[in-house]
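Enquirer: Given the structure of chain A, go ahead and fit chain B onto it with the hints provided.
Chains as they are written, first to last, in the working numbering: chain A, 1 to 487; chain B, 1 to 487.
Source of the hints: derived by calculation from the structure; they are not laboratory data.
Since this is a predicted model, take the numbers as computed values, not measurements.
A portion of the hints provided could be inaccurate.
One copy or any two copies: either way a pair holds, since identical chains are not told apart in the list.
Said to hold, decoys possible - Simulated crosslink set (BS3-like; lysine-lysine; CA at most 27 angstroms straight-line): (1) LYS249 with LYS219; (2) LYS107 with LYS68; (3) LYS23 with LYS370; (4) LYS371 with LYS23; (5) LYS258 with LYS282; (6) LYS169 with LYS336.
Protein chains: 2
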Amino acid sequence: MSSGISHKVLNLDNINPHIRAAKYAVRGELAVKSEQYRAKLAKGEGKDLPFDTVIAANIGNPQQLDQKPITFFRQVASLLENPGLLEHENVLTDSLGYKSDVIARAKKLLKDVKSVGAYSQSQGAPGIRQSVAEYIERRDGYPASFENIYLSNGASSGVNTLLHTICAKPETGIMVPIPQYPLYTATLSILDARVVPYYLNEEQAWGTSLDSITTAYDKAIAEGTDVKAICVINPGNPTGASLPAHDIKAVLKFAAEKGVVVIADEVYQTNVFIGEFISFKKALRDLQKSEPGKYDHIELASLHSTSKGMVGECGHRGGYFELIGFEPEVAQEVYKFISIQLCPPVIGQCIVEMMVNPPKEGEPSYELYKKEYDTIFAGLKERAYALYEAFKRMEGVKCDKPQGSMYLFPTITLPPKAIEQAKKEGREPDEFYCFRMLDATGVCVVAGSGFGQKEGTLHFRTTFLAPGTEWTNRLVKFHEQFMAEFK
Amino acid sequence: MSSGISHKVLNLDNINPHIRAAKYAVRGELAVKSEQYRAKLAKGEGKDLPFDTVIAANIGNPQQLDQKPITFFRQVASLLENPGLLEHENVLTDSLGYKSDVIARAKKLLKDVKSVGAYSQSQGAPGIRQSVAEYIERRDGYPASFENIYLSNGASSGVNTLLHTICAKPETGIMVPIPQYPLYTATLSILDARVVPYYLNEEQAWGTSLDSITTAYDKAIAEGTDVKAICVINPGNPTGASLPAHDIKAVLKFAAEKGVVVIADEVYQTNVFIGEFISFKKALRDLQKSEPGKYDHIELASLHSTSKGMVGECGHRGGYFELIGFEPEVAQEVYKFISIQLCPPVIGQCIVEMMVNPPKEGEPSYELYKKEYDTIFAGLKERAYALYEAFKRMEGVKCDKPQGSMYLFPTITLPPKAIEQAKKEGREPDEFYCFRMLDATGVCVVAGSGFGQKEGTLHFRTTFLAPGTEWTNRLVKFHEQFMAEFK
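Chain A on its own, in the form it takes in the complex:
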């Protein structure tokens, strides 16, 4: 040893095995390859490629795909970044189109945070959390307290906090819908805790079934798993499905009976085409009101984000969760955990405030806000349906009417020859299909295996965010050629 060790300290076999085990396909190999194509095209070296643009349909990232931000939000944000502009109100209003409510909001938020360059309280600025509480009250018709609101670095960070808090040992199990957004399984890998999958019902528009849940729960208990929580993504990702009231109630009753925490990921609550969004908080309060004393002990954590909806401010990393029914001593440990990373990004906290407290009817910026909001919604719906129609023209591809979120999750049926070829290449069949799709069309989606799916079924998830509908024709053409090759 005296001449020194000349090999590296770290290698695949000795770093954290839980990170090794974790999988996150949304930004996996396929996405990396699509970025390589994009870089190639940007350098003008893409003449050999059969496409001239890369379409990132793998990730819910609206503003990377030309969705414009909400004007009010960004006008306010510009004043938060440069409060010196507030000394030139006339210029702002007369020459730059800033209305008086923009200026008022910036002043209010600067009182809340002092500076977007200062750390806030770890839980987030109290004034902003108060706005969130008021939003929740308006939405649900039940009280909410700013003390139970935790602003977070996107909802992803909130999920990370909750799972870190709840997962106490390797036997801890968290129920996760299949298919799910793989933040859950990846984080549980890293925590060396157990995923308890419950299957969503593909035959019933990806509905949540109590049977499925209780089957999964019983199986896990029999295996010695200490099941501590059930995650519900509502509206669903990747499915878009919104749970009807009776299904939410069933989940809550299940949680009360078995003693599990409910984690309600509600980031797509304003992305609903079919059905309606009912918050778990409202359903819980309704249930508690209708059967007093019986369900008062339920612990619920509900998450929201500025990344989705019509807001689409992914890069700002704004989000929050509300803790309902948690013991104060447990909330204190949550507080301690989040305080180690100091606080969520402050400008992102401000975007949260504006998301939950947008211009109201009668206010100067309302008209434009409403127009932008409705235009974005209409555009999302139009593109969702264009994709849906395209899928109808693709042999063996089955897709429900777009229900919500930012995704479609069609089922694909591949010929045996294709499945064989996939195996030869060491890939899951839907992965193989998606790689071929990327190579032929420049469109990057995510294979269903990345989200979990019932054995023997194949899917892929695509967003409907990319502008226009031309690119859907690329998919139709590719699929024809693929089927011709492998039939």
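Expert: Showing chain B alone in chain A's frame:
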């Protein structure tokens, strides 16, 4: 069980025990109490308090204490938030004081990120990472590649990523300086890994001693610890001490010989009053050049942040780390880990770009930039020395001349009666002293026990960020009264 469980699922005994074990005093009980005082005063209910302002001297948060942001940074940021303003260049330049380089920089950054509301690549926008690489090259005189740069949600998130990657099992040990910024010990608690403390040399202005390091290492090895990394905070937090070249070299040689990764937390690299900052990267390359072949295998991770220096943009959560000498397969696992949380806040990434690539001499915004930079530096130095002088007037308080960072870390010697009283109240003696300080003066600091200290020694850490020097007199008066009470 059929009538349902009526107690809570989660309690202190069944949540993640590693979070229970973690301690982070910077935002602990004392800080919480100071916030309660602040709220009381804000509501006008503080007539019974012996102070009329709360001074948050517990946390390096300059802009919460009236430090103004750098104008150039915030002008650019306002354009990034509202790119529509770029359609009114004349108004910006003629009426709002935006110079042409502000506009040019905003355009460059918008090309890099497309929108601050869009997720970037998980590692951060390539163009911004390129600016960071160029900064490192200019600073050190050695090449750097954007591929080895990882933008992060503050440097804290980078530390979290690195420790998560390296800590593979409970026996993994990470060497940590005592005293240290408690992010390290708190994160290692959460990871259920071992802290291997090495003591900084208080008698020699908190210098880093190889003896101390090797003693700590040998002890850990004997205890069966798998020591994988050594953390060095340079300049130090809480100590402010800058490592001279020969000490950095000694650490690198130690790391090479024993086979440990070096984690260099360099967030205070521009906060230096005594000595000079030498980056670990430069020292490593110098060493590799002077003794070719012998030290090529060293793995080094260097961290920086927009929260400190003269930039002070804590709330923006901007930071980065550079990985030097890591195996590609390990870097890929780091990439996967960070991709689960998608990307660092994009406006924060842009602040990083401006920190490493500020206005240059000859450019229109340079004069103001330089003036602001120098004024902030002079203010920090003045307040540091005012505190230092105040400590000289406090019996039993010993403090070195301010060396750097944003903190002073004086030693305190308390009379036996005070130590008894602390024991009666169930507190560490320095904690007890700090609580009394808060109650008497409204000044919130952090007890030395929060950072680690040699057995039998007592300290506290205070920032020198609060404006003015009046509040230092509160401390002198309090200390007099404290000593009178307990002598």
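Enquirer: None of the hints should be skipped; say for each whether it holds.
Expert: We went through each hint and held it up to the structure:
1. LYS249 with LYS219: Within one copy only: 22 angstroms inside, 57 angstroms across.
2. LYS107 with LYS68: Answer is both: 24 angstroms inside a copy and 17 angstroms across each meet the 27 angstroms cutoff.
3. LYS23 with LYS370: neither (39 angstroms within a copy, 47 angstroms between copies)
4. LYS371 with LYS23: Cα proximity of LYS371 and LYS23: none, with 40 angstroms in one copy and 49 angstroms across.
5. LYS258 with LYS282: Within one copy only: 21 angstroms inside a chain, 58 angstroms across chains, cut-off 27 angstroms.
6. LYS169 with LYS336: Classified as both; 19 angstroms inside a copy, 23 angstroms across copies.
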